[in-house]
Structures are given as structure tokens and as C-alpha cells.
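Those letters in the sequence shown? Residues 2 to 210, by the working numbering.
Keep in mind the hints are simulated off the structure, nothing from the lab. These figures come from a predicted structure and were not determined experimentally. Even glycine gets a Cβ: it sits at the ideal position worked out from N, Cα and C. Watch out, some of these pointers could steer you wrong.
As the list claims (entries may be wrong) - Calculated pairs, BS3-like style, for lysine-lysine (alpha carbon to alpha carbon, straight line, at most 30 Å): (1) K103 - K125; (2) K160 - K125; (3) K126 - K160; (4) K131 - K103; (5) K38 - K126; (6) K103 - K38.
What the hints assert, rightly or not - Taking CB as the label site, the calculated pair distances span: (7) P109 - G56: 35 to 43 Å; (8) E127 - L84: 23 to 31 Å; (9) D132 - I198: 55 to 63 Å; (10) I191 - Q57: 52 to 60 Å.
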Amino acid sequence: MNKNERGIKNKNKDVLRVAITVAILGILFFVMPVSGKTGISVGPAEFRVDNVTPGQRITAGTLSVTNTGDNECTYLVSVFEPLSFREGYSSLPDHSWVSFDKTEITIPPGESGYVNVFLEVPDKKEYLNKDWEVWINVGGVKGGMITTEVFVRMLISTKAEPASFFSHIMDFVRDKARIIAVVGVIALCIGISAYVIKKKITITIRRKD
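Please model the complete structure; the sequences and the hints are all you need to start from.
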């Protein structure tokens with residue numbers, strides 16, 4: 002190998018080394034996080050929505066989101082399938098029943114923002130007397146990546162199925178039967194007492210005779 006060929010080979014190695022260095026620096030530039038801590042506080046940690054009437058859109062609650070970090074942060078709000086369920090509760094059939102007045106909120110450091118949560122269960126008889134659970138996810142986003150997230154438990158209970166006309170009649174009959182039974186017992190007690198008193202009076206009169 003002559004001197005020229007050796008020089009070209011060394012030059013190519015230098016170019017390759019520079020290219021690799023630039024590539025590494027570029028990767029570090031995009032991957033390394035921005036300085037300063039990130040943090041989030043969300044309240045309440047859990048809220049219940051009881052006696053929900055299917056077919057009505059209601060305000061289920063309000064989330065308070067506080068940026069406890071050092072930098073301004075954007076938070077995304079979404080519905081999340083629970084990883085575990087509270088006893089007696091099952092999965093919400095459709096996550097689209099839960100909505101928000103905003104699904105993205107940007108909050109400066111040390112300040113709070115608020116998100117209203119709405120619920121609308123379809124007007125169907127099959128959704129009466131149900132207990133469902135769903136989670137709300139609030140996640141901080143920086144550089145296109147979620148940096149921190151919090152889950153809020155949402156417990157939903159719908160109204161019980163209204164009693165039918167026949168059920169009302171049966172309740173009325175049962176109530177009347179209870180009243181009649183009580184009156185009968187009282188009358189029986191009075192009758193027995195009267196009989197016993199009468200017997201005593203009769204025995205007393207005979208003894209005097």
C-alpha cells in the first residue's frame with residue numbers, strides 16, 4: 002500500500018469517526034430530559050357518582066391537577082380500564098360514556114388547573130341498578146413522552162329499577178296482611194285476658210255463695 006492510499010484510508014477513518022460522534026451527540030440531544038424535576042398532584046384520588054339516571058348527562062366531578070415540578074408541563078386526560086376492581090363493581094361497558102371539558106391542559110410550575118368530568122349512561126333498562134368502575138388517567142407529557150401519570154378511581158352506581166304496578170299491589174297486600182295479623186294478635190290477647198278475668202270473677206262469686 003503506497004503513501005497516497007494510506008492517507009485516503011486514514012482520512013476515511015476520520016470522517017467515519019466524526020460521523021459517529023455527531024450521531025451520538027444527536028441522539029443524546031433528543032433523548033436526554035430537560036433539567037428540573039417533574040411532578041403532578043391530582044385530587045380527589047377517588048370519587049363516587051351514585052343514583053345515576055340513564056339517559057341524563059351529568060357532571061360527575063371536577064379534577065384538580067397541580068404541577069409540582071420545576072417547569073411548565075402539558076397534561077393529557079383520558080379514560081383508563083382499571084387494573085383491579087373495587088369489590089362489587091365491574092368494568093364500565095363503554096368508556097365513551099365518560100367525557101371531559103378538556104383532554105389537554107398546560108399548567109405552569111406550582112399552579113393548578115381544573116378538568117370537569119361528565120357522564121352519560123344510555124337510556125336503557127338494562128343499565129339500571131348497576132355498579133361500574135373506571136379510572137381516569139392524567140399524564141404529564143414532555144418531548145412527546147409521558148413523564149409522570151396519576152390514576153383516579155371513579156365509581157358509578159345507577160338507579161334501581163322502579164317497582165311495577167303489580168309489585169306495588171303486592172306490597173300493599175303485604176302491609177295490610179301485617180296490619181290484620183297484628184290486630185288479630187291484639188284481639189286474641191284481649192279475648193284471652195277477658196276470659197281469664199271473667200273466670201276469676203265467677204270463681205270468686207261461687208266461693209262467696
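Structure-based check of all given hints:
1. For the hint linking K103 to K125, the alpha-carbon distance of about 28 Å falls within 30 Å, and the restraint holds.
2. A distance of roughly 12 Å separates the Cα atoms of K160 and K125; the hinted pair therefore holds under the 30 Å criterion.
3. For the proposed pair K126 and K160, the alpha carbon gap of about 10 Å is at most 30 Å, so the pair holds.
4. Of the pairs offered as hints, the one joining K131 and K103 holds, with about 27 Å between alpha carbons and a cut-off of 30 Å not exceeded.
5. Taken as a hint, the K38 and K126 pair is broken in the structure, with Cα atoms around 50 Å apart against an allowance of 30 Å.
6. For the hint linking K103 to K38, the alpha-carbon distance of about 25 Å falls within 30 Å, and the restraint holds.
7. Restraint check, P109 to G56: a C-beta distance of roughly 40 Å satisfies the suggested window 35 to 43 Å.
8. Range check, E127 to L84: Cβ separation about 26 Å, and the 23 to 31 Å hint holds.
9. Between D132 and I198, the C-beta spacing of about 58 Å keeps the proposed range 55 to 63 Å intact.
10. The beta-carbon spacing between I191 and Q57, approximately 54 Å, falls within the hinted interval of 52 to 60 Å.
Checked against the numbered hints above, the structure violates only hint 5.
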